[in-house]
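A.B. asks: For reference, the chains in residue letters:
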Amino acid sequence: MNFSVVLNQFWPLLISGLALGFIYVLISLGYTMVYGVLRLINFANSEIFMVGTFATVIVSRYFFHFDQNTDPLHGFRLFYTMGACLIASMLMSGVTAVMVELIAYRRLRAKGTNRLASLISAIGTSIMLQEGVRILTHSTPMSNPRLLRKFGAITIGDVNTPNNVVIRNDILLVIVFAAALFFAVDRFVSKTLLGKAIRAVSMSEETSRLMGINLNRVISATFLIGGFMTGAAAFLYETVYENTKYNVGFSIGLAAFTAAVLGGIGNLRGAFFGGLTLGLLEVFIAAVLGTQWKSVTVFVVLVLVLLFKPNGLFGEAVQQSRV
Amino acid sequence: MLNIRDKGAEIWEGWNRPTRSTFVIGLIAVVMMLPYAGNFSFTNILNTPISSYQAVLVYPVGMFVLMALGLNIVVGKSGLLDLGYVAFFAIGAYTAAIMGTHFHWNTWECLPLGMALAMLSGVLLGLPTLRLRGDYLAIVTLGFGEIVRIVAVNNPSIGGPNGIANVPNPPKTLGVSFGLDHMESFFWVVVIMILLIIWMVRRFTARRPGRAWEAIRQDEDVAALMGVSTLKYKIWSFSIGAAIGGAAGVIFASKSMYVAPDMFSFNISVLILSCVVFGGMGNIWGVILGGTLLAYIPERIRFISNARQFVFGVALVLIMNIRPDGLLPRKKREKITKAGE
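As given, the protein sequences belong to chains A and B, one line each in that order.
Just so you know, our numbering puts 277 at position 277 of the first sequence, and the rest follows in order with no gaps.
Just so you know, our numbering puts 297 at position 297 of the second sequence, and the rest follows in order with no gaps.
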């Protein structure tokens, strides 16, 4: 137990917790949106994330031919290179998500079978993706070239005293970009026609079908949006942590799913608060108790939350924006 | 399409008692002889490349069938999605390892303790969490599975990440010796445990707990309204499943003589659940078939070693798409009502 760390390092911990939390927010959107429409855990979402991280690394490594020794980029070149990585990551994740839906869920849904069958076929798809990537990469980790020179973008307080707060530019990018994406998805779901269709399906599949909503299209769209968000998260993750492996998705996917449950699964804004809460909790707990107890405490917190609020922290409160 | 399960039940119904007994005894004898099947030319197709065939029969095949039967009570009979079943397996294995190395208990003394501890943890986990529904229960059990593993990794007193080595083999019992060169005796122990569980589950199914589980699985609210004390029966199902997992863990630890946290990863929980769903939830024979296939096939196709898990994933997706209720599904209620008309 080391509480002094929290006092001394409060601001740095808070900032890195926020960055992690915002990455969780985007991934948990992939879980929560699919759960909203299908009432099923999208078990393959962690692999969708993994595919996204590899898309980012492969584009910057093999398409732009960057490696560890390349100097960081500047100006417009930085902008379009990172943009290409981001788009590749989002597209790959989105396409993978739609494929997962086609392979694992669609046929089973048409047959109208039990939920566990879909769960197992999603697990099967997840094993397929993970093992496929493992074989292709020979189980070796891949590092992402540093495209963005990292420096303290914002400094609050006096640089010469220990009490100053430095926010690195990549962290800033994560926070701003993820918040913007979340805001966009939230608007999209509540304002556009497709978003309304998604919400209708999540309220009642039967009724929305009677109202003329093309169920398969809406579900595919949900997977696509979830995949896009997960892909964006993968890009941001690579920008900050710069490393990936075939099993990178497992622990992060688990944490993001926990975040979705924490906030009330199926609820967009719940995912937002759940993700941030979980990111902050993880960072602070790791500082106080040591990294090894991080996931244990997170699960204990989750169990406690579910005990007192079985629908998650925001399960019922934000009915309006339920996916 | 030929329904193997109904066809089998039909044949079984047509037999008189002596025929049934002969068939069961014969089947048990064949299964008990399986460890020797690798030695004969006409059965050596069963032999597994790379890993020893007899060892494969114990772990994964026997253990997976055992645990799948235990998980079947939780998932198949009472419809509670448990994604952390490996936790009970780990608790059993660590009990055997600690009691065996520090206190020199033998395996048969560890077995009831391991089962009791697994059961106790099942009750302690179940009391708060079994009030939750469906997917929340799934995530909490998943978390519990991870917690047990992480606690084992971070606890130097139980070996930390290195685990515990030199777990004693069971002593010579009833003239049967156990050890690395006597894998068949472990297999016989597992088969006896499986038989006991089959017997137990069949008794339960026909009696009050089985009917309560069935009611809870079909509709919990209706079951509660009909006076079934749902929490009680859910905890019973959860802790009986846990005890079976613990028993499997004890045997596993004394068979492999070594436990480490890595052996109890989330993958095992997923695999066991896959065995249950793949074979046919709620149907004992389906679950046994599922456990056997899912444990045996990856070992049998080890010659494509690198891609075997990939093939496994493909097989899971394909089978679930072709037969969503599993290979040997349980009897459907519709069929019962049709027969009654």
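Don't take each hint at face value.
What the hints assert, rightly or not - Some chain A residues close to chain B (C-beta under 7 Å, calculated; not the full set):
1. A180
2. L306
3. F308
Stated by the list, open to error - Every beta carbon over 10 Å from chain A, so not counted as near; a handful from chain B, in silico:
4. P18
5. K232
6. A307
The set of hints was computed from the structure by calculation and includes no laboratory data.
Note that the Cβ used here is the ideal one computed from N, Cα and C, for glycine as well.
A.B. asks: Confirm or reject each hint.
C.D. replies: Comparing the hints with the structure gives:
{"no.": "1", "hint": "A180", "result": "violated, 29 Å"}
{"no.": "2", "hint": "L306", "result": "holds, 6 Å"}
{"no.": "3", "hint": "F308", "result": "violated, 10 Å"}
{"no.": "4", "hint": "P18", "result": "holds, 39 Å"}
{"no.": "5", "hint": "K232", "result": "holds, 19 Å"}
{"no.": "6", "hint": "A307", "result": "violated, 6 Å"}
When the structure is compared with the earlier hints, violations turn up for hints 1, 3, 6 and for no others.
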